[in-house]
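Visitor: What follows is the residue order along each chain.
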Amino acid sequence: MQEVTTEKKEFTPNIVAFCCNWCSYAGADLAGSSRLTYPANVKIIRVPCSCRVNPMFVLKAFQQGADGVILCGCHPGDCHYVTGNYYTRRRMALLFSFLNYMGIEKERTRVEWVSAAEGARFSAVMNDFVKTVTELGENKRLTDLRVKEGE
Amino acid sequence: MQRIGVFICWCGSNIAATVDVQKVAEVMKSEPGVVYSADYQYMCSENGQQLIKQAIKEHNLTGIVVGSCSPRMHEATFRKTAEAAGLNPYMVEIANIREHCSWIHKDMDEATEKAIILVRTAIAKVKLNAPLMAGESPVVKRALVIGGGIAGIQAALDIADAGFEVDIVEKNATIGGRMAQLDKTFPTLDCSACILTPKMVDCAQHEKIDILSYSEVEEVKGFVGNFSVKIRRKARYVDETKCTGCKICMEKCPSKKGLNSFNMDLNTRPAIHIPFAQAIPNVAVIDPEQCIKLKTGKCGICQKFCGAGAIDYEQKDTFIEREYGAIVVATGYKPINLDAFNEYGYNDNKDVITSLELERLMNAAGPTNGVLLRPSDGEHPKVITFIQCVGSRDSSGCGKPYCSKICCMYTAKHAMLIREKYPDTEVHVFYIDVRTPGKNYDEFYRRAVEQYGVDYIKGMVGKVYNENGKLMVQGSNLIDNEQITIESDLVVLAAAIEPEPSVRKVATLLTASIDTNNFLTESHAKLRPVESPTAGVYLAGVCQGPKDIPETVSQASACAAKVIGLLAKDKLKTNPCVAIPDESMCNGCSQCANVCAYGAITYENKEFRLGGGKTEIRRVACVNPAVCQGCGACTVTCPSGAMDLKGFSSKQIMSEVEAICKK
Numbered sequence: 525m526q527e528v529t530t531e532k533k534e535f536t537p538n539i540v541a542f543c544c545n546w547c548s549y550a551g552a553d554l555a556g557s558s559r560l561t562y563p564a565n566v567k568i569i570r571v572p573c574s575c576r577v578n579p580m581f582v583l584k585a586f587q588q589g590a591d592g593v594i595l596c597g598c599h600p601g602d603c604h605y606v607t608g609n610y611y612t613r614r615r616m617a618l619l620f621s622f623l624n625y626m627g628i629e630k631e632r633t634r635v636e637w638v639s640a641a642e643g644a645r646f647s648a649v650m651n652d653f654v655k656t657v658t659e660l661g662e663n664k665r666l667t668d669l670r671v672k673e674g675e
Numbered sequence: 013m014q015r016i017g018v019f020i021c022w023c024g025s026n027i028a029a030t031v032d033v034q035k036v037a038e039v040m041k042s043e044p045g046v047v048y049s050a051d052y053q054y055m056c057s058e059n060g061q062q063l064i065k066q067a068i069k070e071h072n073l074t075g076i077v078v079g080s081c082s083p084r085m086h087e088a089t090f091r092k093t094a095e096a097a098g099l100n101p102y103m104v105e106i107a108n109i110r111e112h113c114s115w116i117h118k119d120m121d122e123a124t125e126k127a128i129i130l131v132r133t134a135i136a137k138v139k140l141n142a143p144l145m146a147g148e149s150p151v152v153k154r155a156l157v158i159g160g161g162i163a164g165i166q167a168a169l170d171i172a173d174a175g176f177e178v179d180i181v182e183k184n185a186t187i188g189g190r191m192a193q194l195d196k197t198f199p200t201l202d203c204s205a206c207i208l209t210p211k212m213v214d215c216a217q218h219e220k221i222d223i224l225s226y227s228e229v230e231e232v233k234g235f236v237g238n239f240s241v242k243i244r245r246k247a248r249y250v251d252e253t254k255c256t257g258c259k260i261c262m263e264k265c266p267s268k269k270g271l272n273s274f275n276m277d278l279n280t281r282p283a284i285h286i287p288f289a290q291a292i293p294n295v296a297v298i299d300p301e302q303c304i305k306l307k308t309g310k311c312g313i314c315q316k317f318c319g320a321g322a323i324d325y326e327q328k329d330t331f332i333e334r335e336y337g338a339i340v341v342a343t344g345y346k347p348i349n350l351d352a353f354n355e356y357g358y359n360d361n362k363d364v365i366t367s368l369e370l371e372r373l374m375n376a377a378g379p380t381n382g383v384l385l386r387p388s389d390g391e392h393p394k395v396i397t398f399i400q401c402v403g404s405r406d407s408s409g410c411g412k413p414y415c416s417k418i419c420c421m422y423t424a425k426h427a428m429l430i431r432e433k434y435p436d437t438e439v440h441v442f443y444i445d446v447r448t449p450g451k452n453y454d455e456f457y458r459r460a461v462e463q464y465g466v467d468y469i470k471g472m473v474g475k476v477y478n479e480n481g482k483l484m485v486q487g488s489n490l491i492d493n494e495q496i497t498i499e500s501d502l503v504v505l506a507a508a509i510e511p512e513p514s515v516r517k518v519a520t521l522l523t524a525s526i527d528t529n530n531f532l533t534e535s536h537a538k539l540r541p542v543e544s545p546t547a548g549v550y551l552a553g554v555c556q557g558p559k560d561i562p563e564t565v566s567q568a569s570a571c572a573a574k575v576i577g578l579l580a581k582d583k584l585k586t587n588p589c590v591a592i593p594d595e596s597m598c599n600g601c602s603q604c605a606n607v608c609a610y611g612a613i614t615y616e617n618k619e620f621r622l623g624g625g626k627t628e629i630r631r632v633a634c635v636n637p638a639v640c641q642g643c644g645a646c647t648v649t650c651p652s653g654a655m656d657l658k659g660f661s662s663k664q665i666m667s668e669v670e671a672i673c674k675k
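Protein chains in written order, with this note's numbering: chain C, 525 to 675; chain Z, 13 to 675.
Don't read these hints as lab results, they were simulated from the structure.
Incorrect hints may appear among the rest.
Claimed, not checked - What follows is a set of in silico ranges between Cβ atoms, one per label pair, in the way DEER data are often shown:
{"no.": "1", "chain 1": "C", "residue 1": "Pro-579", "chain 2": "Z", "residue 2": "Met-472", "range": "48 to 56 Å"}
{"no.": "2", "chain 1": "Z", "residue 1": "Asn-606", "chain 2": "C", "residue 2": "Gly-601", "range": "18 to 26 Å"}
{"no.": "3", "chain 1": "C", "residue 1": "Asn-624", "chain 2": "Z", "residue 2": "Asp-329", "range": "47 to 55 Å"}
{"no.": "4", "chain 1": "C", "residue 1": "Glu-662", "chain 2": "Z", "residue 2": "Asp-121", "range": "42 to 50 Å"}
Claimed, not checked - Some chain Z residues well away from chain C (every beta-carbon gap over 12 Å; in silico):
{"no.": "5", "residue": "Lys-41"}
{"no.": "6", "residue": "Asn-108"}
{"no.": "7", "residue": "Lys-126"}
{"no.": "8", "residue": "Ala-142"}
{"no.": "9", "residue": "Val-152"}
{"no.": "10", "residue": "Glu-263"}
{"no.": "11", "residue": "Asn-361"}
{"no.": "12", "residue": "Pro-449"}
{"no.": "13", "residue": "Gly-481"}
{"no.": "14", "residue": "Leu-490"}
{"no.": "15", "residue": "Arg-516"}
{"no.": "16", "residue": "Ala-537"}
{"no.": "17", "residue": "Met-666"}
Here a beta-carbon is modelled for each residue, glycine too, at the ideal position from N, C-alpha and C.
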């Protein structure tokens, strides 16, 4: 472990972003077509609705070495599936507080609402999230050590 | 064992400029499971698609990954390509290396590295894809148009002319919308009523059109081809089938002090009224807030005088439920509230009016019978000052950041009409920019300046104040670089327009996307401008963005073309990415049905073999694939993990997470 930390010059976090197909994924597309930059360490997984994100997926991400996980969905009341994002909000509030209790700081996890028309907001949210997670440094909790050994 | 093909698109220089596409394609060759990897300038082109088809056949591919633009752009294209080559269309995954990579990153190494990860992620997913078959659902051959303005009227007429039934739901007592309030229309100065009212009559007489005026959409269920809509028919206290529109009730009504909203509250009307002379339907409506009988129980004069016996004080709101295949939203606009623009003195001075109010003051059917008189004292105004961009292009937070688009043209029209009718009137226009793109538009504006001598002043107005009965308009003249004050008799504000507030409720009911300015979002800004991302919902008129009448009519006809195309089909392919329960794990707890917004989940008692010849009967979940919309809420809710979503299975998403996190 000692070696690994000294080798690294600058820490860049690995961020997993789950985006709903109807609002946030489209918002990310708009950020792209508007050329609104955000760091390359954000990688997006498309899901039909933010409520498709099982807490298991978030745990898996941290276990596999993610430093931050963000879920993006339609604004409350605007869910393409009527109520999906309400479930997300409740589920993730619970999950994130458990994670915080386990030592995964609550700043590493986030739920944000980004509409299809909010490319600028998507980019701003991602920039801010990456900045926050970078300041926190590498996530060591929950990480499957076997994953690290493979390095 | 899966045999995966990877196709990396350059998108000309859109991807290739920041992602080393050849390197990405090369790296993918050594990925486990990948048997073919190539790059090409334009994968979506005929040649690109041919390359994919050929590779599928030659290398016997079982799944493909296309590293290209957003799946929202070309997923459908590449699915068709795969299908044409004999591969199940759902064995295609897109790695979005344009919108989510090349366009937002500048460093080539960084972007290439990310592109490699994104393509790997898509490979990880496609390996777990399963061939899916789309089901079919019937199409209800009837359309709903929400809003009876010019957009709704045009869409309804075009759809009905193609032979399909159309219902227009209009929240006001008559159709016609904003256009009915206008006097003349630019750039030809046609009389608005002369071109609109015949269309309104066409709607009323068309055997395929049913006008549901004074009604609102209350509930929407279902999906494209099969919407079930509950409509509230508000009590108008007049039997629509009996009223003959004779207007005797309007003459006799003793409560005449209600503000006439059709005339922008510039005059009054009786409690029982027909909004305007050419209203469709030509049926009276009672304002319950104003009617003495409804408020106190005493009066009943209109009932006494109504020869047709149409008055019914006991009428209640009723609800009807109808099925539709497609829905057109045409909810229109309103001028913004000007409370935040105190500097123009709109709330304090009667003679500071909005352009829509001026429109009524100049209309022959308006409160002054078309004679331009000041609201304060009924005098002819001698000096009129127009102020442009009141709340438009205003990012201060008070107004709207966008350009309302119609104001430059209607102000030129107003100025011209005033100078034509009252040549002794001085007309000044304060503007930031004059924007006149459109056929014959700039020529029209030039006429106002050159032929009619309208005084255009480039500059903004600081304030309008009253001094000795005169309105002092203080502003800057940027051309001469000086501060000026114009003593005016009438000030006209070109107030920004915003979507009719009821559009929010409609958007929620239809689960249609809406932006921060309350404009409904189209599916694609350029290529699918009249479709909402919600299948079966179409957008016409200002509800989608500021536009004038010619544009609105074009968009409405475009909507109609889309609706006709949809209704002409007998069956629609349904989305096969629906929930699927693993019956061996399901214990019938009902939690999934509780979260399902569509009622797609039911329960059945099924017999299961336990081994040793024993069987048991258990209650298990069943998903109706025609009703399920594939959101995945149930998959996460299920305590035993029995529910999964086709196309977005837990295993697939987990493998994507793994691929992203792999260091």
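Visitor: Indicate, hint by hint, whether the structure satisfies it.
Guide: How the hints compare with the structure:
| no. | hint | in the structure |
| --- | --- | --- |
| 1 | Pro-579(C) to Met-472(Z): 48 to 56 Å | holds (54 Å) |
| 2 | Asn-606(Z) to Gly-601(C): 18 to 26 Å | holds (20 Å) |
| 3 | Asn-624(C) to Asp-329(Z): 47 to 55 Å | holds (50 Å) |
| 4 | Glu-662(C) to Asp-121(Z): 42 to 50 Å | violated (22 Å) |
| 5 | Lys-41 | holds (22 Å) |
| 6 | Asn-108 | violated (7 Å) |
| 7 | Lys-126 | violated (5 Å) |
| 8 | Ala-142 | holds (16 Å) |
| 9 | Val-152 | holds (21 Å) |
| 10 | Glu-263 | holds (46 Å) |
| 11 | Asn-361 | holds (37 Å) |
| 12 | Pro-449 | holds (22 Å) |
| 13 | Gly-481 | holds (47 Å) |
| 14 | Leu-490 | holds (30 Å) |
| 15 | Arg-516 | violated (9 Å) |
| 16 | Ala-537 | violated (9 Å) |
| 17 | Met-666 | violated (6 Å) |
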